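Number of protein chains: 2
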Amino acid sequence: MESKDDEIVAENGKTEIPKDGSVCGFDSLHRLLQSSLSPQLFQEVSRLLLGLNCGRALDTIAIPEPAKSLSSKHDFDLQAFSFRAEKESLREPRIVRVGLIQNSIALPTTAPLLDQKRGIFQKLTPIIEAAGSSGVNILCLQEAWMMPFAFCTREKKWDEKHGEVIWNTAVIIGNHGNIIGKHRKNHIPRVGDFNESTYYMEGNTGHPVFETAFGKIAVNICYGRHHPLNWLAFGLNGAEIVFNPSATVGELSEPMWPIEARNAAIANSYFVCSINRVGTEIFPNPFTSGDGKPQHADFGHFYGSSYISSPDSSCTPSLSRHKDGLLISDMDLNLCRQLKDKWGFRMTARYEIYADLLARYLKPVSTPSHF
Amino acid sequence: MESKDDEIVAENGKTEIPKDGSVCGFDSLHRLLQSSLSPQLFQEVSRLLLGLNCGRALDTIAIPEPAKSLSSKHDFDLQAFSFRAEKESLREPRIVRVGLIQNSIALPTTAPLLDQKRGIFQKLTPIIEAAGSSGVNILCLQEAWMMPFAFCTREKKWDEKHGEVIWNTAVIIGNHGNIIGKHRKNHIPRVGDFNESTYYMEGNTGHPVFETAFGKIAVNICYGRHHPLNWLAFGLNGAEIVFNPSATVGELSEPMWPIEARNAAIANSYFVCSINRVGTEIFPNPFTSGDGKPQHADFGHFYGSSYISSPDSSCTPSLSRHKDGLLISDMDLNLCRQLKDKWGFRMTARYEIYADLLARYLKPVSTPSHF
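The listed protein sequences correspond, in order, to chains P and Z. Residues in the first sequence are numbered from 1 upward in steps of one, following full-length UniProt numbering. Residues in the second sequence are numbered from 1 upward in steps of one, following full-length UniProt numbering.
Simulated from the structure, these hints should not be mistaken for lab results. Treat each hint with caution, since some may be false.
In silico DSS-like cross-links for lysine-lysine, where the CA-CA straight-line distance does not exceed 27 Å [unchecked claim]:
1) P:340 to Z:123
2) P:161 to P:216
3) P:161 to P:123
4) P:363 to Z:87
5) Z:323 to P:363
6) P:87 to P:117
7) Z:73 to Z:323
8) Z:182 to P:293
9) P:363 to Z:293
10) P:216 to P:340
11) P:293 to Z:340
12) Z:87 to P:342
Okay, the calculated bits of chain Z under chain P, using three or more residues with CB under 8 Å as the criterion [unchecked claim]:
13) 84-96
14) 106-113
15) 134-141
16) 208-219
17) 274-286
18) 328-341
The model shown is predicted, which means the values in this text are computed figures rather than measured ones. In this text, a Cβ means the ideal position worked out from N, Cα and C, and glycines have one as well.
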């Protein structure tokens with residue numbers, strides 16, 4: 001079966017119950033509220049939900065024509081925003097344009113693997129071109145973007161060539177095609193259908209921060225977003241933007257999606273770019289996950305909803321829950337220092353008591369509760 | 001001037017611009033959306049905003065008549081909910097009924113201090129009685145509940161009797177009137193008008209968890225909610241419910257308020273009870289806060305909005321932004337372990353790499369960036 005966007009209206013024209021985990025098959029929370037509330041109420045709700053204090057809307061960026069036309073021709077969501085920072089006396093603004101891409105797979109998971117991979121490459125080409133023609137400086141794709149999220153079946157057919165250990169790795173490529181570095185996913189889920197610990201191991205690359213021409217960036221892969229210490233470590237190592245390429249489904253995590261990344265951006269005074277894949281991927285061989293549910297052949301709906309969180313607690317609206325998309329945002333990296341100076345979280349953090357507490361927590365004990 | 005609830009309609013009957021930092025002076029986000037959206041859309045928005053998966057509403061608790069009548073007689077908001085947990089094979093449910101109280105002060109800050117204190121006691125009596133008659137097991141009041149939040153002026157007139165060091169302390173009192181213990185606020189803000197570091201010192205009581213008759217509880221006072229390590233430490237020490245008595249105002253923190261506590265509840269698999277005071281408190285002596293703004297005599301609006309977050313990422317609607325209130329919730333503490341078993345955050349946390357990282361981060365260095 002082909003993976004495709006969930007449809008609200010069936011071919012016979014009757015409305016069907018959406019299969020995407022939602023009640024009414026809406027495109028994004030932001031658009032739902034915008035179309036349902038009066039402008040004044042929408043402004044107030046945005047103040048609270050998007051952290052837009054004083055009711056001011058996030059600036060939008062004018063999208064160049066070539067990008068717009070690629071978006072309508074290839075039917076992907078395209079939105080562009082800009083986060084403001086204060087003008088400073090001693091530093092020039094450091095404005096970076098970031099792009100995030102979310103997408104569904106291109107072919108059924110039963111197609112030959114090389115065809116599946118090629119299909120995704122073809123599908124991504126116009127979206128990447130739209131990012132390029134929009135002047136994006138740093139572009140991030142979703143977790144395991146060149147394949148379906150096939151780990152659930154525990155079949156390793158996508159990994160023909162590898163050493164003895166498999167890691168889930170993000171590669172950071174420079175704007176001259178050079179490889180800047182890589183990061184291996186630090187925290188591996190064993191939750192529901194996300195049986196990933198049978199597939200690859202916990203990363204051993206620590207928490208690298210890459211000093212690029214456009215700012216200090218890091219990658220916190222998927223499940224690592226649930227670990228505040230993981231976010232903290234990237235912050236202590238100097239990150240100004242942390243990308244969180246993910247793959248997660250509605251029933252499992254959708255209410256957590258607007259919480260954790262924003263909290264990380266606030267707590268660590270950096271920008272967080274959250275990306276989630278789109279659509280339902282149906283695998284040839286069914287699987288179970290030790291949660292008492294019968295065997296099944298799909299995870300449910302990957303709900304997209306990619307968005308960007310700012311250290312000032314504001315965030316962009318999310319991309320569509322259903323469609324491929326490109327989210328562009330300008331951000332002045334000076335905002336990171338400005339928020340640190342305003343809120344003083346680093347200064348008041350008292351890391352010494354926590355270093356001590358963690359060290360004590362880790363000491364082997366002989367009580368029966370720690371087998 | 002008397003501190004009182006913000007009013008939307010002035011005495012002459014004309015609508016005024018609200019002074020509470022909101023655009024349209026609404027009572028709570030939840031009620032605003034409920035009255036503005038169709039039931040189906042409201043259900044979907046609740047699924048995302050309150051984390052109510054599958055669109056199911058949070059159960060409400062029937063409030064006993066005496067409590068209801070106190071609520072209408074003394075005009076305080078009264079809401080009661082219940083978080084569900086799975087039934088287990090080997091453990092009985094451990095259901096606890098928790099109450100949170102938010103309130104404005106009772107008299108102008110120019111009144112004699114003892115009168116102010118007495119006024120608050122009188123105002124709280126019927127709310128506490130309502131909690132008692134509703135069978136609340138654990139009740140928490142707001143930060144510095146027996147006084148206006150007078151730290152901004154830097155005048156120490158509220159602290160006649162103390163040792164050489166002042167701390168911001170929460171006292172935990174047992175259900176037989178015994179003092180179970182205390183906790184001193186760990187992280188002290190130096191942000192905007194919250195000049196508290198001139199007033200009291202960082203706590204030296206660590207992260208105590210109190211094993212009460214109704215569960216293992218801890219108190220994370222106010223600004224400590226911005227520090228993920230602080231939340232983590234209470235979790236590692238075994239907390240099942242963490243109370244966060246706070247005092248914070250709209251312009252500073254309102255968009256962060258629904259984020260940080262929920263994130264803490266998710267990340268640490270415990271319940272979080274967030275309390276914020278209500279109203280605008282106007283002090284006789286104006287103050288400045290080193291943020292370039294002219295002198296002023298108030299913080300702005302303390303926006304109430306007390307609420308409870310569950311480890312399963314759901315939360316209750318918030319109490320009013322304007323009125324005194326009592327929020328009651330039942331919670332089955334078995335949910336904490338159930339969520340730990342489902343998501344495995346503790347198991348996958350890899351604390352050893354973070355203990356090491358924090359220890360290295362704390363080593364004195366001689367680079368010019370660490371003066």
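How the hints compare with the structure:
For the given pair, residue 340 of chain P sits about 39 Å from residue 123 of chain Z by alpha-carbon distance, which is inconsistent with the 27 Å threshold. Distance check on the hinted pair: residue 161 of chain P and residue 216 of chain P sit about 31 Å apart at the alpha-carbon level, beyond 27 Å; violated. This hinted pair checks out: residue 161 of chain P and residue 123 of chain P have alpha carbons roughly 25 Å apart, not beyond 27 Å. Distance hint between residue 363 of chain P and residue 87 of chain Z is unfulfilled; the C-alpha atoms sit about 34 Å from each other, more than 27 Å.
For the hint linking residue 323 of chain Z to residue 363 of chain P, the alpha-carbon distance of about 48 Å lies beyond 27 Å, and the restraint is violated. At most 27 Å may separate the alpha-carbon atoms for a hinted pair to count; residue 87 of chain P and residue 117 of chain P exceed this at roughly 45 Å. As the CA atoms of residue 73 of chain Z and residue 323 of chain Z are separated by approximately 13 Å, the hinted pair is consistent with the 27 Å bound. Restraint check for residue 182 of chain Z and residue 293 of chain P: not satisfied, since their Cα atoms lie roughly 45 Å apart, outside the 27 Å limit.
Between residue 363 of chain P and residue 293 of chain Z the CA atoms are separated by roughly 50 Å; this puts the pair beyond 27 Å, and the hint is violated. As the CA atoms of residue 216 of chain P and residue 340 of chain P are separated by approximately 16 Å, the hinted pair is consistent with the 27 Å bound. A distance of roughly 19 Å separates the Cα atoms of residue 293 of chain P and residue 340 of chain Z; the hinted pair therefore holds under the 27 Å criterion. At most 27 Å may separate the alpha-carbon atoms for a hinted pair to count; residue 87 of chain Z and residue 342 of chain P exceed this at roughly 46 Å.
For the stretch 84-96 of chain Z, the stated coverage by chain P is not satisfied: 0 residues place a CB nearer than 8 Å to a CB of that chain, which falls below the threshold of 3. With a threshold of 8 Å between beta carbons, the proposed coverage of the stretch 106-113 of chain Z by chain P is violated, since 0 of its residues qualify and at least three are required. Note: the stretch 134-141 of chain Z has 0 residues with beta-carbon separation from chain P under 8 Å; the three-residue rule is not met and the coverage is violated. Evaluation of the coverage hint for the stretch 208-219 of chain Z: breached, as 0 residues show C-beta separations to chain P shorter than 8 Å, against a requirement of three.
Counting residues of the stretch 274-286 of chain Z whose C-beta lies closer than 8 Å to any C-beta of chain P gives 0; at least three are required, and the coverage claim is violated. Counting residues of the stretch 328-341 of chain Z whose CB lies closer than 8 Å to any CB of chain P gives 0, which falls below the minimum of 3, so the coverage claim is violated.
Of the hints listed earlier, those the structure fails to meet are numbers 1, 2, 4, 5, 6, 8, 9, 12, 13, 14, 15, 16, 17 and 18, in rising order.
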